[in-house]
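Novice: With the hints as extra help, turn the sequences into a complete structure.
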Amino acid sequence: MFPELSRDEILRYSRHLLIPEVGLEGQRKLKNSSALIIGTGGLGSPVALYLAAAGIGRIGLVDYDVVDSSNLQRQVIHGTSTVGKLKVESARDKLIDLNPDIQVDVYNEPFTSENALRIARDYDIILDGTDNFPTRYLTNDVAVFLGKPNVYASIYRFDGQASVFYAKEGPCYRCLFPEPPPPGLVPSCAEGGVLGVLPGTIGTIQATEALKLLLGIGEPLIGKLLLYNALDMTFDFVKLKKNPNCRVCGPNADIKELIDYEEFCGVPSHDHEEGSAGAGLDITVQELSERMKSNHLKLLDVREPHELEISALPNATNIPLGQLAARLSELDTADEMVIFCKSGGRSARGLELLVSAGFKKVKNLKGGINAWAREVDTNLPVY
Amino acid sequence: MPILRIPTPLRSYTSGQSEVNVNGGNISEALTDLTTQYPTIKPHIFNDGGELRPFVNLFIGENNIKDLQGVETPIKDGDRLVLIPSIAGG
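Chains A and B, in that order, give the protein sequences.
Numbering that gives the first Met the number 0 applies: residue 0 is where the first sequence begins, and numbers increase by one.
Numbering that gives the first Met the number 0 applies: residue 0 is where the second sequence begins, and numbers increase by one.
There may be inaccurate statements among the hints.
List time: in silico PhoX-like cross-link candidates among lysine-lysine, alpha-carbon distance up to 20 Å [said to hold, decoys possible]:
1. 238(A) with 255(A)
2. 241(A) with 75(B)
3. 223(A) with 65(B)
4. 147(A) with 167(A)
5. 167(A) with 255(A)
6. 75(B) with 240(A)
7. 238(A) with 65(B)
8. 240(A) with 292(A)
9. 223(A) with 238(A)
Note that these hints are calculated values from the structure, not bench results.
Model, not experiment: these values are computed from the prediction.
Specialist: Dropping the structure here:
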């Protein structure tokens, strides 16, 4: 019932064929199987590479981004020669070079409530390698509705999490996290950074789980959450139980179809730092440059101290966003102030905090110091 | 004294500490002690009504307090508590 292996394939997969748990039958099972990978970034890179190398017959890749040089510190499926190319095409070329016997289907589009069920329907398993909360909830709900396993992983700085959410046999993502964090409370990797090798460690665990599920061997991470910390080199496991009140997989589930996940999470479904605080609250770098020539403006830099070593504006006061609420007394509500960060996301949240504390003459620097480095002072690096 | 493990995203509110010793006979008291030691962490763990935020999970050993007695779950010396926030990076 499973497809035969060619002479070349038998040689290619010989190290698998030697393992009794895989063997010829298992390898044919893999050839007959399919996996959908959401995101071809830090996690998606090792996941796609290892699943392709392992001989999964059909791999689907969903991403709509283009390769940027700031991706290459961790997104090893791409390369310097593919900077500027579509990520799905860059990734497909690498996978086909690694294993020309597999089929790679690419979806150069955001994964949304409109297309997700159509895209995911024909795959055996789904691997969540996205970088934002809306797409994680969407991926979970799609997996629950289609009755497929969702091989989950997420990362931040030195921390990684991995699990298999499979509502038929255990909890889903929403059982553990019924609601997303309020917007801005949990920093993204674009804001907080990530150790480049971390998605390698965690992504290969994701790929391992996918292979085990497809082969039907071993103990899958269903009902267990792996917590990894690279600094302490600790692997902790905690037990996850099905939440009887889960809104998508519980007995009284009230969410029966895909919803608006950006609205649910209150954030956009991408990890590109948003540079705007909204109409009337922003100042552009050109405007700031003009204003600085004539009158005195207080500059408030809400980045972390180590970021100031990369780039800084002269005479700016540094109060990291996390300390701002506790250090408001250092600022004068009467001052005209421009608040900035790397790209404008953190400073927009800082501005909200200042406005609610009674500051009336504050503007957010749209695009942050990176926009300043691109458009005003090109001697400053962009990071 | 029970030990509370702090995940990376919240360490900026605990002066970089990865583990904090907390006093208390149950989870609620331990968390109150944590927020007394590190007041700026409070809004990241509790909502305005003083309840644990739904996206924050707290485990004793390998068990979620939601599967035990919630914040009333008793704790003892040497217990290892782990805070697990949702992270989304990929």
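Novice: Taking only the CA atoms, is the gap from residue 223(A) to residue 238(A) under or equal to 20 Å?
Specialist: holds (5 Å)
Novice: Taking only the CA atoms, is the gap from residue 238(A) to residue 65(B) under or equal to 20 Å?
Specialist: Within the cut-off at roughly 11 Å; holds.
Novice: Within a Cα-Cα threshold of 20 Å, do residue 223(A) and residue 65(B) meet the stated pairing?
Specialist: Within the cut-off at roughly 15 Å; holds.
Novice: Between residue 147(A) and residue 167(A), does the CA-CA distance stay at or below 20 Å?
Specialist: Holds: residue 147(A) and residue 167(A) sit about 8 Å apart, inside 20 Å.
Novice: Please verify whether residue 238(A) and residue 255(A) have alpha carbons no more than 20 Å apart.
Specialist: violated (27 Å)
Novice: Hint check: residue 167(A) vs residue 255(A), CA-CA at most 20 Å. Holds or violated?
Specialist: holds (16 Å)
Novice: Quick one, are residue 240(A) and residue 292(A) close enough, alpha carbons at most 20 Å?
Specialist: violated (61 Å)
Novice: Take a quick look at whether residue 75(B) and residue 240(A) sit within 20 Å of each other, Cα to Cα.
Specialist: violated (24 Å)
Novice: Check the hint pairing residue 241(A) with residue 75(B) against an upper bound of 20 Å on the C-alpha distance.
Specialist: violated (27 Å)
Hints 1, 2, 6, 8 from the list above are not met by this structure, while the remaining hints are.
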